[in-house]
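Trainee: Make a model of the complete structure from these sequences and hints.
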Amino acid sequence: MGYKSTQECITDLENHGHLIRIKEEVSSDLEMAAIHLRVYENNGPAILFENIKDCKFKAVSNLYGSVDRSKFIFRDTIEKIKILIDLKNNPMEAIKHPFKYANVGMTAFSALPKKSRFSNPVLQNQTTISSLPQIKCWPNDGGAFVTLPLVYSEDIDKPGVMNSNLGMYRIQLSGNDYVKDKEVGLHYQLHRGIGVHQTKSNAKNIPLKVSIFVGGPPSLTLGAVMPLPEGMSELTFAGALGKRRIRYTYEDDFCIASDADFVITGEVYPNENKPEGPFGDHLGYYSLKHDFPFMRIHKVYHRNNAIWPFTVVGRPPQEDTSFGALIHEITGNAIPNEIAGLKDVHAVDASGVHPLLLAIGSERYTPYYKERKPQEILTIANHILGKGQLSLAKYLFIIAGEDNPKLTTHDVADFFKHVFERVDWTRDLHFHTRTSIDTLDYSGDGLNSGSKVVIAAAGEKKRELGTSLPELNLSDGFKNPKVVMPGVVAVQAEKFVNSLSSEKQISLLSQQLSSSVSLSGVEGLKSFPLIIICDDSDFVSKNLNNFLWATFTRSNPSHDIYGIDSFTENKHWGCRGSLIIDARIKPHHAPPLIKDPEIEKRVDALGVKGKSLYGII
3 MGYKSTQECI TDLENHGHLI RIKEEVSSDL EMAAIHLRVY ENNGPAILFE
53 NIKDCKFKAV SNLYGSVDRS KFIFRDTIEK IKILIDLKNN PMEAIKHPFK
103 YANVGMTAFS ALPKKSRFSN PVLQNQTTIS SLPQIKCWPN DGGAFVTLPL
153 VYSEDIDKPG VMNSNLGMYR IQLSGNDYVK DKEVGLHYQL HRGIGVHQTK
203 SNAKNIPLKV SIFVGGPPSL TLGAVMPLPE GMSELTFAGA LGKRRIRYTY
253 EDDFCIASDA DFVITGEVYP NENKPEGPFG DHLGYYSLKH DFPFMRIHKV
303 YHRNNAIWPF TVVGRPPQED TSFGALIHEI TGNAIPNEIA GLKDVHAVDA
353 SGVHPLLLAI GSERYTPYYK ERKPQEILTI ANHILGKGQL SLAKYLFIIA
403 GEDNPKLTTH DVADFFKHVF ERVDWTRDLH FHTRTSIDTL DYSGDGLNSG
453 SKVVIAAAGE KKRELGTSLP ELNLSDGFKN PKVVMPGVVA VQAEKFVNSL
503 SSEKQISLLS QQLSSSVSLS GVEGLKSFPL IIICDDSDFV SKNLNNFLWA
553 TFTRSNPSHD IYGIDSFTEN KHWGCRGSLI IDARIKPHHA PPLIKDPEIE
603 KRVDALGVKG KSLYGII
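Convert by adding 2 to the 1-based position in the sequence shown; the result is the number in my numbering.
To be clear, the hints were calculated from the coordinates, so they are not data collected in a lab.
A few of these clues could be false.
Stated by the list, open to error - For lysine-lysine, the following DSSO-like pairs were computed, each having C-alpha atoms within a straight-line distance of at most 30 Å:
id, residue 1, residue 2
1, Lys182, Lys160
2, Lys117, Lys6
3, Lys58, Lys408
4, Lys55, Lys613
5, Lys528, Lys464
6, Lys160, Lys116
7, Lys528, Lys375
8, Lys419, Lys389
9, Lys573, Lys375
10, Lys597, Lys484
11, Lys301, Lys184
12, Lys202, Lys84
13, Lys611, Lys497
14, Lys497, Lys544
15, Lys389, Lys202
16, Lys528, Lys481
17, Lys597, Lys613
18, Lys206, Lys160
19, Lys597, Lys182
20, Lys408, Lys497
21, Lys6, Lys73
22, Lys481, Lys544
23, Lys245, Lys202
24, Lys6, Lys82
25, Lys84, Lys345
26, Lys58, Lys603
27, Lys419, Lys375
28, Lys25, Lys6
29, Lys481, Lys464
30, Lys182, Lys58
31, Lys82, Lys58
32, Lys84, Lys58
Mentor: Now the structure itself:
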């Protein structure tokens, strides 16, 4: 739909039964976030908070809390946007099939941003940072954060909206050392769009002008998180998606999204940093306090009856899971079209997105060899790890599509079954040590520092995967083995102390396991190519999501991968028996996100008869 504002979207959702109102007074300190989480967990509707304690503004959350609701919001344009992206990747299609693409002309016209000359609703009022909804989501958060910020910056060498960047980089409104109403924190990596702009401004010793939009047409929000083809502006995409040109103007040399609910303007000065965080993040842990740029506030604008959209970030699945699913549906073949030979790629949400990538590539070299083995897919893997957000991956599993043309990366259990049936641990492990990983991932040995591993499998099926637990010779300190899925066993271990003691423990375990006897005709551990060492094997084996989350967020490949009968040959490491991943919580890891019991009781009270959440939670 071509919504002009957040309010238009809310009205449409409410008219179609997709929104509820919370009329009771609620606190922005943990309570609103807890309500959001409970409603989301129950597959509930969008939520309009009408009465926020000590705040004159309303707020809305869970707008995109289900794929169906997200599709409903953009129901008139999704198919046309898919066509536009296809044309961006293959413009010759429009020439070959002119009638097929004739109806996208107006969609393309909507992509052009429009400068407002008279109507700028967001400039109607001014306020202060402390007057905005001060939403704190998790008990140990460093302060209040904007969780759906649309951060706008321009290239100092190529000014103007067509060369701008609109990204969703978190904003800390309060806490730490920020001067009240005069400073806010920005968290982003220098390789991101705004970071490139800041680097150029720093080189000229000029402050970077930044505008933070909150609310407005929902298409702006999706545009800010969309991995667009090179050269496509987020504002143009948002206009096309919203079926309405994005309105903008300039005020005091700051770009203003005319239809936003709020706009915060300010400057980021060269080489100025302050501690930002902690913050409950999408890996399911806190990202800790670190120095990041901050913005000196110029002005804060808001429209009449402004509404503050927000979300809650935490262990997946969360509202941003719907974003991911919608993005995948819209972009379709965009990434595979940019990487030759890549057929499918999936950043697994349940693992925290960046820690785990699954990919399917082509293996066209193998017809010339007696044995099918990974060759071309290794080249594709290197390309993947050099591509935008995909470069943050820590574990990349890639297989040859020719071995099972029906396989998809989005059926995670089936994908792993295919890998474990074929993988050869003596050959198929390829490490990248002492490299950069996601800033939010604390499994490595420093901020942004860790390792990666590519597991590439191609060829004939090598083994039948076990589903019944074999007899295992467990050394002291290990207990309670559980089958997680075909071919995977979780073993509970004592609390991790340090790397040296862990290496000794697991070395002894490997020796013991190598002598494990057969059970029901299965020869030892040969049918279980993967063993997970964990703090709680009942938790890890309970469901697929627990396995994905604990295994891939709590391990650093170069430090935490071991193997039965391991070897190093010409600097290549491998093992002849089962691979072992130590997925225990380490002392340097960030703490996991835990809800506040007292706040949960307050949410429970809203679910009784006569209260706003009755029948919802």
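Trainee: Taken at face value, is the distance from the CA of Lys182 to the CA of Lys597 at most 30 Å?
Mentor: Cα-Cα ~28 Å, so holds.
Trainee: Check the hint pairing Lys419 with Lys375 against an upper bound of 30 Å on the C-alpha distance.
Mentor: holds, 18 Å
Trainee: Within a Cα-Cα threshold of 30 Å, do Lys55 and Lys613 meet the stated pairing?
Mentor: Holds. Lys55 to Lys613 sits at ~17 Å (cutoff 30 Å).
Trainee: What's the verdict on Lys117 and Lys6, does the C-alpha distance respect the 30 Å limit or exceed it?
Mentor: holds, 15 Å
Trainee: What's the verdict on Lys182 and Lys58, does the C-alpha distance respect the 30 Å limit or exceed it?
Mentor: holds, 18 Å
Trainee: Quick one, are Lys389 and Lys202 close enough, alpha carbons at most 30 Å?
Mentor: The hint holds at about 22 Å.
Trainee: Keeping to a limit of 30 Å between CA atoms, is the pair of Lys597 and Lys484 held or broken?
Mentor: holds, 28 Å
Trainee: Is Lys58 within 30 Å of Lys603, Cα to Cα?
Mentor: holds, 25 Å
Trainee: Does Lys389 sit within 30 Å of Lys419, going by the straight-line distance between their CA atoms?
Mentor: holds, 27 Å
Trainee: Take a quick look at whether Lys573 and Lys375 sit within 30 Å of each other, Cα to Cα.
Mentor: Cα-Cα ~20 Å, so holds.
Trainee: Has the given pair, Lys597 with Lys613, been kept, meaning a C-alpha gap of at most 30 Å?
Mentor: Holds, at about 22 Å.
Trainee: Does Lys544 lie within 30 Å of Lys497 when you go C-alpha to C-alpha?
Mentor: This hinted pair holds, its Cα atoms lying about 20 Å apart.
Hint compliance for this structure: hints 1, 3, 12, 13, 20, 23, 31 and 32 are broken, all remaining hints hold.
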